[in-house]
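A.B. asks: Sequence:
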Amino acid sequence: AISSTTELAQLVADTVKTREQGQNPATRTFQAFRIFINAELEALQAALNSSIDVLQGQGMLVVISFHSLEDRIVKQFIASHAREQVDRRVPFAPAKALRLRALGRVKPSAAEVGANKRARSAVMRVAQRTAA
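Read in my numbering, the sequence shown has 1205 at position 33, and its numbers run on one by one without any break.
The set of hints was computed from the structure by calculation and includes no laboratory data. Heads up, some of the hints might be wrong.
Quick list of in silico lysine-lysine cross-link-like pairs, BS3-like style, CA-CA up to 25 Å [stated by the list, open to error]:
(1) 1289 <-> 1279
(2) 1279 <-> 1247
(3) 1189 <-> 1247
(4) 1189 <-> 1289
Estimated spans, in silico, between C-beta atoms of each pair [what the hints assert, rightly or not]:
(5) 1260 <-> 1296: 27 to 37 Å
(6) 1296 <-> 1211: 31 to 41 Å
(7) 1261 <-> 1206: 35 to 45 Å
(8) 1241 <-> 1282: 20 to 30 Å
(9) 1212 <-> 1191: 40 to 50 Å
(10) 1193 <-> 1217: 28 to 38 Å
(11) 1173 <-> 1236: 36 to 46 Å
Note that CB positions come from ideal geometry on N, CA and C, so glycine has one too.
Work out the full structure: start from the sequences and follow the hints.
C.D. replies: Spelled out as structure tokens, the structure:
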């Protein structure tokens, strides 16, 4: 039985290789625990869903994610609200208007990563609310 986080970290280090040199192999394991326990992905999805109602006029949605699961959720959310939605059951009905326009993504520069090592995995996605 595992009785401490140190034991778990050692077990993971002994069985899993890391993709990034210098990174502790247990980093992703503890990250997965944190994401699950804090329901971080569900909270992100709820915040994104609420943003559509909160943004006014041509308000900007800016989200910084720090790992690929978060970034994928943000990317898919923006994409799904940046297309006209046609109801396949009623194709002659007017399409729902666009609600977001994707403006792009920004990754940290080499200088930023040099000054702040934790910024290396950050991705900032920006979208703007449309008039609809």
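A.B. asks: Go ahead and decide if the range 36 to 46 Å is satisfied by the Cβ distance of residue 1173 to residue 1236.
C.D. replies: Roughly 39 Å apart at Cβ, these two residues keep to the hinted range, so it holds.
A.B. asks: Given a hint of 40 to 50 Å, does the C-beta separation of residue 1212 and residue 1191 actually sit inside it?
C.D. replies: Violated, since residue 1212 and residue 1191 (Cβ atoms, about 21 Å apart) do not stay within the stated range.
A.B. asks: Does the alpha-carbon distance linking residue 1189 and residue 1247 stay inside the 25 Å limit?
C.D. replies: Violated, because 28 Å separates the two Cα atoms, which is more than 25 Å.
A.B. asks: Between residue 1279 and residue 1247, is the straight-line Cα distance small enough, at 25 Å or below?
C.D. replies: Given pair residue 1279, residue 1247 holds - Cα atoms ~14 Å apart, limit 25 Å.
A.B. asks: Lying within 27 to 37 Å: is that true of the beta-carbon distance residue 1260 to residue 1296?
C.D. replies: With a Cβ separation near 34 Å, residue 1260 and residue 1296 satisfy 27 to 37 Å, so the hint holds.
A.B. asks: Look at the Cβ atoms of residue 1193 and residue 1217 and judge whether their distance stays inside 28 to 38 Å.
C.D. replies: Holds, at about 33 Å.
A.B. asks: Are the Cα atoms of residue 1289 and residue 1279 separated by 25 Å or less?
C.D. replies: holds (13 Å)
A.B. asks: Falls inside 20 to 30 Å, the C-beta gap from residue 1241 to residue 1282?
C.D. replies: holds (25 Å)
A.B. asks: Measure nothing beyond the straight line between the CA atoms of residue 1189 and residue 1289; if it is 25 Å or shorter, mark the hint as holding.
C.D. replies: holds (21 Å)
A.B. asks: Between residue 1261 and residue 1206, does the beta-carbon spacing fit 35 to 45 Å?
C.D. replies: holds (41 Å)
A.B. asks: Verify the CB-CB distance for residue 1296 and residue 1211 against the hinted window 31 to 41 Å.
C.D. replies: violated (23 Å)
Violation of the numbered hints given earlier is confined to hints 3, 6, 9; the remaining hints are satisfied by the structure.
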